[in-house]
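**Student:** From first to last, the protein sequence lines are chains A and B. The opening position of the first sequence corresponds to residue 1 in UniProt numbering, with each subsequent residue numbered one higher. The opening position of the second sequence corresponds to residue 1 in UniProt numbering, with each subsequent residue numbered one higher.
The hints are simulated quantities; they were obtained by calculation from the structure and are not laboratory data. Where hints are given, some of them may not hold.
[To be verified] Example chain A residues on the side facing chain B (calculated, C-beta under 7 angstroms, incomplete):
no., residue
1, L108
2, G109
3, W115
4, H204
[Said to hold, decoys possible] Just a sample of chain A residues kept apart from chain B, beta carbon distances all over 12 angstroms, derived:
no., residue
5, G52
6, V53
7, L90
8, S105
9, R116
10, E127
11, I128
12, N142
13, A176
14, D205
15, L225
[What the hints assert, rightly or not] Which stretches of chain A does chain B cover? Using the computed rule of at least three CB atoms under 8 angstroms from a CB of chain B, they are:
no., stretch
16, 45-51
17, 79-88
18, 92-104
19, 129-140
Even glycine gets a Cβ: it sits at the ideal position worked out from N, Cα and C.
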Amino acid sequence: MTIALETQNLEKTFGGLRVTRDLSLKIEQGARHALIGPNGAGKTTVINQLTGVLKPNSGRILLEGQDITDLPVHKRVLRGLSRTFQINQLYPDLTPLETIGLAVSERLGHGGDWWRRMGTRGDVNGEIAELLTRFHLLDVMNEETVTLPYGKQRLLEIAVAIAAKPRVLLLDEPAAGVPESERHDILAVVGALPRDVTVLLIEHDMDLVFSFADRISVLVSGALLTEGPPEQVARDPQVKAVYLGEEAVNV
Amino acid sequence: MTAASDVGFHAQRQARWHYGEVAFWLMVLACGFLFPTRYLIMTDILRLALFTMSLDLILGYAGIVSLGHAAFFGVGAYAAGLLALHGIINEPVLALIVAGLAAMVLGFATSFLVIRGVDLTRLMVTLGIALLLEALAERFSNITGGTDGLQGIEMQPIFGEIPFDMFGKAGFFYSLAVLFVLFLFARRVVHSPFGLSLRAIKNNPLRAAAIGIPVNRRLIAIYTLAAFYAGIAGALFTQTTAIASLDVFAFERSADLMLVLVIGGTGYLYGGLIGAVVFRMLQELFSTITPQYWQFWIGLVLVVIVLVGRQRLHRWVLYVPNLIIRQVAGRKAVVAVPESDA
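Model the full structure from these sequences, guided by the hints.
**Tutor:** Set out below in structure tokens:
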């Protein structure tokens, strides 16, 4: 099996606080890998290091075997590593059409084009239309993002990440804050991602994790506690103690 | 219509020319014939409009605040002055471009300082650069004429054909042509993927980087382009007034620019143009009524604009015209000013 994304002995400290401790993860090509852990386990810090928002103190990050530890954020995206955010990071004043159009243009290398107007490239338009349709955004494509209902914004958040045609996709709590009625769309979209895209899912919702993931890593206090297929992780007494069975321990 | 062509159609929605825009420019052109005694103030407005458009490019589109935009205006002004004074380049249009390029070089060099940091740092850095240049211009008075400024500039005819006349007619139409050409160029740029990426960076730099936009490179590019525009505005100032003095670098000039843009509205290019007209008109009006206290009234207007919100003001102003238009052309045909918040 080839490894799509790998961390080697990753370390990150904020002042005296070790938020990532000697973390070595291997995510296989095409995997549906989930990273779980209690609040404050440092899951988002890991994501931020993977995507380049934060620099690790030591350790390496490999994308398809190539060292990307020192690459800036936008270059990692162009290499095929894309993400969604736990809290929507969208452009409030831009429409879904513009938001996705920009992501597609950027990927196809037209982003720096300062002369040709938006909307005049057939290939870009085709892709935008395809994404808008797939993410149920066609009917609101000219509305400003800030005016969209939360569920639609969440879909847009994922659509933007997909527009980068990632080979590895990091989903940071994709269903967070989405009302029950709009949840189905999100889960369907996430479930329908093509198998050649490797997915690393960070999630609180255990139903979603166990229905989606074929492999689970458990992070506690910045260190890897255990890793394995869902059944094994679910049975692990250590995991139950620190995470799944918190209530039982408290009683 | 297929979804793709539909997308293409809507993506170009804003880039298409609207009737209102055509009417606007015809009106500006008409002013040149309607008010032959007011060329000097109208030229002044055009210069200010161009200068404000430059600030709009970085502030309205890319979200870079600046309190020292006069730095580029000043470099353009002195460059044009020196070129003409020493007869290095006598043809005004060529000299104008060279002066703009001089400001552009400074813009590129200082952009690296400006893109770092947050709004407050940017305010301080841009302010500092303008003050620095003002001090340098004063120090090297053998080149700049110091506090006296450059004197005895004589402008040669444009293209060797059209001389600058004492009523400022040639100066006005020359400035208008320059403004219009640069407006067309800016309009093209802001509706390109590059222009859209600037708005994305302004909205959310974190996400912009996360879809693969090289944020810093884009900011450097637009800052450099804006410096070129400001330099051209400065050069127009020297060419149409035949003077260049230290006040081209003055802090008031940069600060006024912010006011103009706030009055006109940011992020739709016309903000600078409308703002320049309104600002100068108000200035004229208030200084006729109360020569000493006009700044008080300008200040009051500004506070009202910010508190009430420009969107609401536009709606009030356009209330009556829209009432009439609706009677004639039906419900949907209303005049609205495109808006993005200051």
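**Student:** Indicate, hint by hint, whether the structure satisfies it.
**Tutor:** Cross-check of the supplied hints:
Restraint check, L108 of chain A versus chain B: the minimum CB separation of about 10 angstroms is more than 7 angstroms; hint violated. Because the smallest distance between the Cβ of G109 of chain A and any Cβ of chain B comes to about 10 angstroms, over 7 angstroms, the interface hint for this residue is violated. The interface hint given for W115 of chain A holds, since its Cβ lies 6 angstroms from the closest Cβ of chain B, which is under the 7 angstroms cut-off. The closest approach between the C-beta of H204 of chain A and any C-beta of chain B is roughly 21 angstroms, which is over the 7 angstroms cut-off, so the hint fails.
Its closest Cβ contact with chain B, about 8 angstroms, brings G52 of chain A to no more than 12 angstroms, contrary to its assignment away from the interface. Distance check on V53 of chain A: its Cβ comes as close as 7 angstroms (rounded) to a Cβ of chain B, failing to clear the 12 angstroms threshold; non-interface status is violated. A cut-off of 12 angstroms between C-beta atoms contradicts the statement that L90 of chain A is not in contact with chain B; the least separation is 6 angstroms. Some Cβ of chain B comes within 12 angstroms of the Cβ of S105 of chain A; the nearest lies about 4 angstroms off, and the non-interface call is violated.
Against the 12 angstroms criterion, R116 of chain A falls within the reach of chain B, whose nearest CB is about 6 angstroms from its own CB. Under the 12 angstroms C-beta cut-off, the non-interface status given to E127 of chain A relative to chain B is violated; the minimum distance is some 9 angstroms. Its closest Cβ contact with chain B, about 5 angstroms, brings I128 of chain A to no more than 12 angstroms, contrary to its assignment away from the interface. Not every beta carbon of chain B lies more than 12 angstroms from that of N142 of chain A, the smallest distance being close to 6 angstroms; the non-interface claim is violated.
Distance check on A176 of chain A: its Cβ is at least 16 angstroms (rounded) from any Cβ of chain B, clearing the 12 angstroms threshold; non-interface status holds. Every C-beta of chain B lies more than 12 angstroms from that of D205 of chain A, the closest at about 23 angstroms, which supports listing it as non-interface. With a minimum CB-CB distance of about 29 angstroms to chain B, L225 of chain A clears the 12 angstroms threshold, and the non-interface call stands. Proximity of the stretch 45-51 of chain A to chain B, defined as three or more residues with a beta carbon under 8 angstroms from a beta carbon of that chain, is not established by the 1 residues found.
Residues of the stretch 79-88 of chain A with a Cβ under 8 angstroms from some Cβ of chain B number 3, which satisfies the need for three, so the listed coverage holds. With 9 residues bearing a CB less than 8 angstroms from a CB of chain B, the stretch 92-104 of chain A meets the requirement of three and the coverage assertion stands. For the stretch 129-140 of chain A, the stated coverage by chain B is satisfied: 5 residues place a CB nearer than 8 angstroms to a CB of that chain, which reaches the threshold of 3.
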